[in-house]
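Asks: Sequence order for the protein chains is A and B.
Start counting the first sequence at 1; every next residue gets the next number (the numbering used here).
Start counting the second sequence at 1; every next residue gets the next number (the numbering used here).
Errors might be hidden in some of the hints.
[To be verified] DMTMM-like cross-link-like pairs, simulated, lysine to aspartate or glutamate; straight-line CA separation at most 20 angstroms:
{"no.": "1", "chain 1": "B", "residue 1": "Lys168", "chain 2": "B", "residue 2": "Glu143"}
{"no.": "2", "chain 1": "A", "residue 1": "Lys98", "chain 2": "A", "residue 2": "Asp59"}
{"no.": "3", "chain 1": "A", "residue 1": "Lys86", "chain 2": "B", "residue 2": "Asp148"}
{"no.": "4", "chain 1": "A", "residue 1": "Lys75", "chain 2": "B", "residue 2": "Asp112"}
{"no.": "5", "chain 1": "A", "residue 1": "Lys133", "chain 2": "B", "residue 2": "Asp12"}
{"no.": "6", "chain 1": "A", "residue 1": "Lys105", "chain 2": "A", "residue 2": "Glu149"}
{"no.": "7", "chain 1": "A", "residue 1": "Lys86", "chain 2": "B", "residue 2": "Asp12"}
{"no.": "8", "chain 1": "B", "residue 1": "Lys168", "chain 2": "B", "residue 2": "Asp148"}
{"no.": "9", "chain 1": "B", "residue 1": "Lys168", "chain 2": "B", "residue 2": "Glu155"}
{"no.": "10", "chain 1": "A", "residue 1": "Lys98", "chain 2": "A", "residue 2": "Glu149"}
{"no.": "11", "chain 1": "A", "residue 1": "Lys75", "chain 2": "B", "residue 2": "Asp148"}
{"no.": "12", "chain 1": "A", "residue 1": "Lys133", "chain 2": "A", "residue 2": "Glu155"}
{"no.": "13", "chain 1": "B", "residue 1": "Lys168", "chain 2": "A", "residue 2": "Asp35"}
{"no.": "14", "chain 1": "B", "residue 1": "Lys168", "chain 2": "A", "residue 2": "Glu34"}
{"no.": "15", "chain 1": "A", "residue 1": "Lys105", "chain 2": "A", "residue 2": "Asp122"}
{"no.": "16", "chain 1": "A", "residue 1": "Lys86", "chain 2": "A", "residue 2": "Asp63"}
{"no.": "17", "chain 1": "B", "residue 1": "Lys168", "chain 2": "B", "residue 2": "Asp181"}
{"no.": "18", "chain 1": "A", "residue 1": "Lys133", "chain 2": "B", "residue 2": "Glu2"}
{"no.": "19", "chain 1": "A", "residue 1": "Lys75", "chain 2": "A", "residue 2": "Asp35"}
{"no.": "20", "chain 1": "A", "residue 1": "Lys162", "chain 2": "A", "residue 2": "Glu149"}
{"no.": "21", "chain 1": "A", "residue 1": "Lys75", "chain 2": "B", "residue 2": "Glu33"}
{"no.": "22", "chain 1": "A", "residue 1": "Lys98", "chain 2": "A", "residue 2": "Asp35"}
{"no.": "23", "chain 1": "A", "residue 1": "Lys105", "chain 2": "A", "residue 2": "Glu155"}
{"no.": "24", "chain 1": "A", "residue 1": "Lys86", "chain 2": "B", "residue 2": "Glu21"}
{"no.": "25", "chain 1": "A", "residue 1": "Lys98", "chain 2": "A", "residue 2": "Asp122"}
It should be emphasised that the hints constitute simulated quantities derived from the structure, not laboratory data.
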Amino acid sequence: MEGILIPPRPGLLARLRLWLAGSPGERAPDRPLEDAALVLRRHGDAILPLAFSYLHRRDEAEDVLQDTLLQYIQKAPPFSSQEHEKAWLLRVAANLSKNRLSYWKRHPQEELSDLLPGESDDPALAAVWDCVKALPPRYRAVIHLYYYEQYSTGEIAGLLGKKESTVRSLLARGRALLRDIWEEDENGD
Amino acid sequence: METRQAYRQIMDAVSVTPEVERRVLAGLRRSLEAPRPAPLRWQPRLAAACAALLLCGAAALPLWLDSRAPAETPPVQVTWGAQQFSSVGELADSLSYPLLLPAEVPDGYALDSIRCLRGQLAEVVWQGAGGQSLTYRMAPGAEDVSGDFTAYGWEDTLTAGAYTVTCKGEDALVFLAVWSDGTYSFSLHASAGLTTGQTAELIESLSPLDA
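In isolation and in its complexed conformation, chain A is listed as follows:
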C-alpha cells in the first residue's frame, strides 16, 4: 500500500519554505492540463466572446482565455454545478480583460480592433459592430452578458461583483448609447 496510501514526504527545507510562504494546504494542488482541456470545450465559447466584448481583438481575447484556464488550473475551487463553474470562469475572464484595458490606458496602443469578427460582408452587421465598438468599456460586459449569455441582472451582478442596481443602471445607459439603432429596429427600418 506504500505510495498508494502514504504520500511522499517533502524535504525539511521545502517544508520550511512552504511554511514561510503560507501555511501548508492554503494552496490546493494544481489541476492537470486535461481538466483545462475539458473546461475549454465546455465553456470556451462563452469565455472567448466575453473577453472579445471587452477587448475587441481576437488575439488578445485568446490570451485572456489562456490566462483564465491557467487560473483554473492553479486556483479554482471545487464547484457545486456547471453553472457555478461557468460563472467563476466568466468572472476571472472579466477581471483579466479589465486588467488589460487598464494596462492599455496607461500604455496607449495603436487602434487595432478587428473590423468585424467573422467573414461576413453584411453592412448591417458592420454598422452594429461599429456602434458596439464605440461603447465605453464599462458597458460592454453588461450588454454582452445580458444579450448574448442571457443572464439576469442579478446573475450579472454576482458575476461581476457589482450591485444589481449598478448593473441595471449600466444596462440602461448602455442601451441609451445604442438607442439610435434600437429605435430604428422598433420602427421597423
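Keeping the supplied structure of chain A fixed, place chain B upon it in accordance with the hints.
Replies: Quick look at chain B alone, frame taken from chain A:
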C-alpha cells in the same frame, strides 16, 4: 436585421475553433512547463516574521514563562470548507462512518491529497507523473458526490464486485464512475481516463482501512 440578433451573430463568429483550441492549449502547456517565478514573497515575509518574532518575544516573555501550556496545532485548513489531512488514517478518524479505499490503483500514481469536504465527504486524490489525477470520493447517502457535471460522450453500467457502477466517458475510456451501495455513495474521476477493466479492478479492490 434586429440589433440584438446582429450582436448575437457577430459574437457567434468568435468561437473556439480547433485551431484556437490547439493554440490555447499549447500556450497553456508552455506556461505550466516554464519555471514559476521564485517565490519572492517568502523573503519579505521571512524578514517581517523575524522582526515580529523579536518584538512579540520581548513583550510576551513573562507571560510565556508563566503559562507554558502546549499549543494545539489546529488542523490544516484549506479554503471552501475543506479540511486537509496528512494521512488517510487521520481522515478515517475524522469521519463518522467506516472509510473504504481502493487497495490498488494503476501503476504510476502516488497519493497526492487527502481531504474531508463539508465534514463528511472523504476525498483522496492520486497523481501520476504526467500530471493526470484519480479522484476518489465517498460520503453517506445516495446522491452523486462526484461534483462532475460534464456531459460525456457515452454512459453505461458495469458490475464491479457487488457494485453496479454507472460509467461515463469518451471513446474507449472511462472518465467518471459513480455508484452506491444504498448507504454510501462513491465516485471515481480519472482526468486522463481509465479502461473499463482498470475501473472495475480499482472498484473491486475497495476495502476498509486497516487500523
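Asks: Look at each hint and say if it fits the structure.
Replies: Quick rundown of the hints versus the structure:
no.: 1; hint: B:Lys168 x B:Glu143; verdict: holds, 16 angstroms
no.: 2; hint: A:Lys98 x A:Asp59; verdict: holds, 16 angstroms
no.: 3; hint: A:Lys86 x B:Asp148; verdict: holds, 13 angstroms
no.: 4; hint: A:Lys75 x B:Asp112; verdict: holds, 17 angstroms
no.: 5; hint: A:Lys133 x B:Asp12; verdict: holds, 16 angstroms
no.: 6; hint: A:Lys105 x A:Glu149; verdict: violated, 27 angstroms
no.: 7; hint: A:Lys86 x B:Asp12; verdict: holds, 18 angstroms
no.: 8; hint: B:Lys168 x B:Asp148; verdict: holds, 11 angstroms
no.: 9; hint: B:Lys168 x B:Glu155; verdict: holds, 4 angstroms
no.: 10; hint: A:Lys98 x A:Glu149; verdict: holds, 19 angstroms
no.: 11; hint: A:Lys75 x B:Asp148; verdict: holds, 17 angstroms
no.: 12; hint: A:Lys133 x A:Glu155; verdict: violated, 24 angstroms
no.: 13; hint: B:Lys168 x A:Asp35; verdict: holds, 15 angstroms
no.: 14; hint: B:Lys168 x A:Glu34; verdict: holds, 16 angstroms
no.: 15; hint: A:Lys105 x A:Asp122; verdict: violated, 32 angstroms
no.: 16; hint: A:Lys86 x A:Asp63; verdict: holds, 18 angstroms
no.: 17; hint: B:Lys168 x B:Asp181; verdict: holds, 19 angstroms
no.: 18; hint: A:Lys133 x B:Glu2; verdict: holds, 17 angstroms
no.: 19; hint: A:Lys75 x A:Asp35; verdict: holds, 13 angstroms
no.: 20; hint: A:Lys162 x A:Glu149; verdict: holds, 17 angstroms
no.: 21; hint: A:Lys75 x B:Glu33; verdict: holds, 17 angstroms
no.: 22; hint: A:Lys98 x A:Asp35; verdict: violated, 26 angstroms
no.: 23; hint: A:Lys105 x A:Glu155; verdict: violated, 28 angstroms
no.: 24; hint: A:Lys86 x B:Glu21; verdict: holds, 18 angstroms
no.: 25; hint: A:Lys98 x A:Asp122; verdict: violated, 30 angstroms
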